[in-house]
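Asker: These are the residues of each chain, in order.
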Amino acid sequence: NAGVTQTPKFQVLKTGQSMTLQCAQDMNHEYMSWYRQDPGMGLRLIHYSVGAGITDQGEVPNGYNVSRSTTEDFPLRLLSAAPSQTSVYFCASSYQGAPFNEQFFGPGTRLTVL
Amino acid sequence: AQSVSQHNHHVILSEAASLELGCNYSYGGTVNLFWYVQYPGQHLQLLLKYFSGDPLVKGIKGFEAEFIKSKFSFNLRKPSVQWSDTAEYFCAVNNYGGSQGNLIFGKGTKLSVKP
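As they're listed, the protein sequences go chains C and F. Numbering-wise (the working numbering), the first sequence opens with residue 3 and increments by one. Numbering-wise (the working numbering), the second sequence opens with residue 575 and increments by one.
Everything labelled a hint here was simulated from the structure, so no lab data went into it. Keep in mind the model is a prediction, meaning the values are calculated, not measured. You may find that some hints are simply not true.
Said to hold, decoys possible - When the alpha-carbon atoms are kept at most 30 Å apart in a straight line, the in silico DSS-like pairs for lysine-lysine are as follows:
| # | chain 1 | residue 1 | chain 2 | residue 2 |
| --- | --- | --- | --- | --- |
| 1 | F | 623 | F | 684 |
| 2 | F | 681 | F | 632 |
| 3 | C | 16 | F | 681 |
| 4 | F | 645 | F | 684 |
| 5 | C | 11 | F | 684 |
| 6 | F | 635 | C | 16 |
| 7 | F | 643 | C | 11 |
| 8 | F | 643 | F | 681 |
| 9 | F | 623 | F | 688 |
| 10 | F | 645 | C | 11 |
| 11 | F | 623 | F | 645 |
| 12 | F | 643 | F | 684 |
| 13 | F | 632 | F | 684 |
| 14 | F | 688 | F | 643 |
| 15 | F | 623 | F | 643 |
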């Protein structure tokens with residue numbers, strides 16, 4: 003199993019550009035989520051999904067969109083990039099409905115917005 | 575709202591020193607508790623987790639954590655650190671029965687171990 007994969011690893015954008023961060027998992031996990039990691043802030047939840055066709059907002063959803071058309075994929079879209087979105091983005095997945103909720107993380111995407 | 579507090583931003587230790595990293599959470603109901611580690615340039619990996627039962631939990635690489643419900647704490651310990659333990663450590667909580675899967679993370683504690 004590849005686990006949770008993310009592409010690209012690095013990305014530089016100009017203010018106002020749009021892009022999609024890709025996330026895929028091959029563990030048949032129902033739950034998937036996106037976090038951003040900023041120095042001194044820990045990880046903050048952006049959006050999450052409990053299954054195909056179902057998404058919801060986390061703590062910091064503004065400026066980001068998500069969709070979940072398949073169990074495997076959970077892309078994160080930046081509609082109009084801003085310097086405040088410079089961050090490291092992690093995708094995670096876990097089984098849904100179990101009490102355990104151990105999340106498996108991808109390797110991250112380091113995004114810089116100029 | 576739930577929150578997780580990690581008391582130390584940066585801890586510097588010499589090899590063989592003992593480690594204790596503090597973690598407190600604010601939720602009063604049933605919780606699941608986790609410690610994740612992030613080695614330089616890598617993604618988060620699970621160190622250990624607590625769901626129920628014995629409040630002393632053992633994880634990988636010699637780490638352990640103790641859940642003290644009355645103190646809302648879940649401190650991470652290791653008797654003797656190694657240089658390879660240099661990493662950032664994150665405490666996280668999930669309120670079982672809440673939004674399934676959503677984790678609330680602390681801000682992290684950076685551990686530097688001097689050889």
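Asker: It remains to establish, for every hint, whether it holds in the given structure.
Answerer: Results for each hint:
1. 623/F x 684/F: Roughly 19 Å between the alpha carbons, so the hint for residue 623/F and residue 684/F holds.
2. 681/F x 632/F: 23 Å, holds
3. 16/C x 681/F: Satisfied, since the Cα-Cα distance of roughly 28 Å is no more than 30 Å.
4. 645/F x 684/F: 23 Å, holds
5. 11/C x 684/F: 23 Å, holds
6. 635/F x 16/C: Answer violated: residue 635/F to residue 16/C is near 42 Å, above 30 Å.
7. 643/F x 11/C: 40 Å, violated
8. 643/F x 681/F: 21 Å, holds
9. 623/F x 688/F: 27 Å, holds
10. 645/F x 11/C: This hinted pair is violated, its Cα atoms lying about 40 Å apart.
11. 623/F x 645/F: Satisfied, since the Cα-Cα distance of roughly 18 Å is no more than 30 Å.
12. 643/F x 684/F: 25 Å, holds
13. 632/F x 684/F: 21 Å, holds
14. 688/F x 643/F: Roughly 33 Å separates the two Cα atoms, so the pair is violated.
15. 623/F x 643/F: 15 Å, holds
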